[in-house]
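Undergrad: Make a model of the complete structure from these sequences and hints.
What follows is each chain in one-letter form.
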Amino acid sequence: MVRRFINKFYVLLVFLFLYAPIFVLMVYSFNDSRSRGNWEGFTLRWYVELFSDRQIMSALYYTIIIGVLSAVISTIIGTAAAIGLDRLGGFRRELVMNITYLPVLNPDIVTGIALMILFVFARLQLGFITLLLSHITFNIPYVMLSVLPKLKQLDKNLYEAALDLGATPGYAFKTVILPEIMPGVITGALLAFTLSIDDFVISFFTTGSGVSNLSIAIYSMARRGINPRINALSTLMFLIVLALLIIVNIRMSKENNGKGEKNYASKKQVFASASSSDRVSSSRLYELEQQ
Amino acid sequence: MKRNWALTPYLIWMIIFIVVPLALVVYYGITVNTDSGVAFSLSNFKRFAEPIYLRVLWRSIKLAIISTIICLIIGYPVAMILAGNSFKHKNVMVMLLVVPMWMNFLLRTYAWLTLLEKNGIINSILGKFGLPMLNILYTESAVILGMVYNFLPFMILPIYSVMSKMDYSLIEAAEDLGANSLIVFRRVIFPLSLPGVVSGITMVFMPAVTTFVISRLLGGGQFTLIGNLIEQQFLYVGDWNFGSTMSLIMMVIILISMLFMNKADGPERSGGLW
Chain H
1 MVRRFINKFY
11 VLLVFLFLYA
21 PIFVLMVYSF
31 NDSRSRGNWE
41 GFTLRWYVEL
51 FSDRQIMSAL
61 YYTIIIGVLS
71 AVISTIIGTA
81 AAIGLDRLGG
91 FRRELVMNIT
101 YLPVLNPDIV
111 TGIALMILFV
121 FARLQLGFIT
131 LLLSHITFNI
141 PYVMLSVLPK
151 LKQLDKNLYE
161 AALDLGATPG
171 YAFKTVILPE
181 IMPGVITGAL
191 LAFTLSIDDF
201 VISFFTTGSG
211 VSNLSIAIYS
221 MARRGINPRI
231 NALSTLMFLI
241 VLALLIIVNI
251 RMSKENNGKG
261 EKNYASKKQV
271 FASASSSDRV
281 SSSRLYELEQ
291 Q
Chain C
292 MKRNWALTPY
302 LIWMIIFIVV
312 PLALVVYYGI
322 TVNTDSGVAF
332 SLSNFKRFAE
342 PIYLRVLWRS
352 IKLAIISTII
362 CLIIGYPVAM
372 ILAGNSFKHK
382 NVMVMLLVVP
392 MWMNFLLRTY
402 AWLTLLEKNG
412 IINSILGKFG
422 LPMLNILYTE
432 SAVILGMVYN
442 FLPFMILPIY
452 SVMSKMDYSL
462 IEAAEDLGAN
472 SLIVFRRVIF
482 PLSLPGVVSG
492 ITMVFMPAVT
502 TFVISRLLGG
512 GQFTLIGNLI
522 EQQFLYVGDW
532 NFGSTMSLIM
542 MVIILISMLF
552 MNKADGPERS
562 GGLW
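Residue numbers (my numbering), protein chains in the order written: chain H, 1 to 291; chain C, 292 to 565.
Keep in mind the hints are simulated off the structure, nothing from the lab. Here a beta-carbon is modelled for each residue, glycine too, at the ideal position from N, C-alpha and C. Worth double-checking, as some hints may not be accurate.
Said to hold, decoys possible - Looking from chain C toward chain H, a few residues come up when the C-beta cut is under 8 Å (computed):
hint, residue
1, Ala297
2, Pro300
3, Val316
4, Ile372
5, Tyr401
6, Thr405
7, Gly518
8, Met541
9, Met542
Claimed, not checked - Pairs of lysine-lysine residues, derived as DSSO-like cross-links and limited to a Cα-Cα distance of at most 27 Å, are as follows:
hint, chain 1, residue 1, chain 2, residue 2
10, C, Lys456, C, Lys381
11, C, Lys456, H, Lys152
12, H, Lys8, C, Lys381
13, C, Lys456, H, Lys8
Unchecked claim - What the simulated footprint calls covered on chain C by chain H, stretch by stretch (three residues with Cβ under 8 Å from a Cβ of chain H suffice, anywhere in the stretch; the number is not a length):
hint, stretch
14, 308-315
15, 386-392
16, 430-444
17, 530-539
TA: Rendered as structure tokens:
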């Protein structure tokens, strides 16, 4: 009994540590004072001012546009790549997969500066386009890693059967393959969107000329001094991302019902390690989840 | 080659946006600009060997190792308790562990400023109880705290996932054979959890050694890490060659730590990416 109590208390302490900053942010988003530290009454002022703050609104606009566009484009390219890759075998498949894992395993800062060098080298003006291209680039591997397992489960004979029965390859793809892999595609798209709106490091190096996403806006604001509007914004963002990820998780647990599979797809690294099962040592997580 | 049309757009994309950029980093890393144009040179590697840069490298590795050890010490018991039968709804607890990561990490790190400030929340609580003030903001301790805070779940999750799949009958067998709980832990539980520990260490160490944001926000810019150096070279100094050299060195560190952890994970799992 005592031991159980100590156990619970310890876990509670660690959770307190993990949640303390989030509570602080949320509580202070309702604080009627510019300075942090003292509480001067409840207000919704910051939530109202937030929407007339041009810097924040422009950052929000770019975050969402980049998130949606990069999710859609990376889902299309990534799904096609997964389908093409599924039919490929041997050395070539290994090679493509290993290169695909590079952006997953490389430190973000290296991916960021490498892309920045490329864009400057190609004389592309750093801004919206380069930001979008970068986000598509780091999203594609995650889409592929979501779709590939679905293709593995797919019965290859179904597609052949459809062709034998006179379906054109396009029609067979639309009616046989796509519905089967759709859950993986949607999960990949949602994952791509969340990774995109959450990214800081790669965006930081690959954007310019006044185009910044929310992470970059927060970073520059934090350096200049603190504005409670950030707290209001972060509270809203947290709730939105929370809602999104609960949807992803419900979807995944529905799909994997009965297999006892859990998913930690909520965060890049956890997902990366979980998915790159035969690459990095951290793979055991995934293997054990699979059993 | 059926269906190659599906792969082709990605192959082109991959070459332009993954292979070429990394090749450019290598190119810049091993060349210098001279009056007569670009020349192959390893002088930037030599430059990195100067004490001022080695100190930064050493600090990065030291802080990352300390954070990893703290994460292991704090996280291992958490994983063990969560995998045990202390909580009814294990899945909910694990979900709760992941939820904080869903908030932008800049914001969470930034919130620690409010907590740690001289007149911040922690100090006002300490003050009420007449306890001494905690002044760690803009010190190495704050940077370590930021790393532990951000990466602790990456330590807990893999260990938890290995532990929750552990064959309980092995533990019972050990107990039946007369082992006390310390021996059971040392001889059965810990060795079986080792793969999770290895994953956890990799997953904490790698982002910790490459960060430049945590040190900037919580270290107040005084505690330059190798990530900060790279950022400076590209954004302020404009010496891409030296910045690329350091990126290459960082990649090598990651590579070595990965190989090292792969070894530790057992010989049967060799092979893979590298």
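Undergrad: Taking the hints in turn, state whether each one holds.
TA: Right, here's what the structure says about each hint:
{"no.": "1", "hint": "Ala297", "verdict": "holds, 4 Å"}
{"no.": "2", "hint": "Pro300", "verdict": "holds, 6 Å"}
{"no.": "3", "hint": "Val316", "verdict": "holds, 5 Å"}
{"no.": "4", "hint": "Ile372", "verdict": "holds, 4 Å"}
{"no.": "5", "hint": "Tyr401", "verdict": "holds, 5 Å"}
{"no.": "6", "hint": "Thr405", "verdict": "holds, 5 Å"}
{"no.": "7", "hint": "Gly518", "verdict": "holds, 6 Å"}
{"no.": "8", "hint": "Met541", "verdict": "holds, 6 Å"}
{"no.": "9", "hint": "Met542", "verdict": "holds, 6 Å"}
{"no.": "10", "hint": "Lys456/C <-> Lys381/C", "verdict": "holds, 13 Å"}
{"no.": "11", "hint": "Lys456/C <-> Lys152/H", "verdict": "holds, 24 Å"}
{"no.": "12", "hint": "Lys8/H <-> Lys381/C", "verdict": "holds, 12 Å"}
{"no.": "13", "hint": "Lys456/C <-> Lys8/H", "verdict": "holds, 21 Å"}
{"no.": "14", "hint": "308-315", "verdict": "holds (count 7)"}
{"no.": "15", "hint": "386-392", "verdict": "holds (count 7)"}
{"no.": "16", "hint": "430-444", "verdict": "holds (count 3)"}
{"no.": "17", "hint": "530-539", "verdict": "holds (count 4)"}
The earlier numbered hints are all upheld by this structure, with none contradicted.
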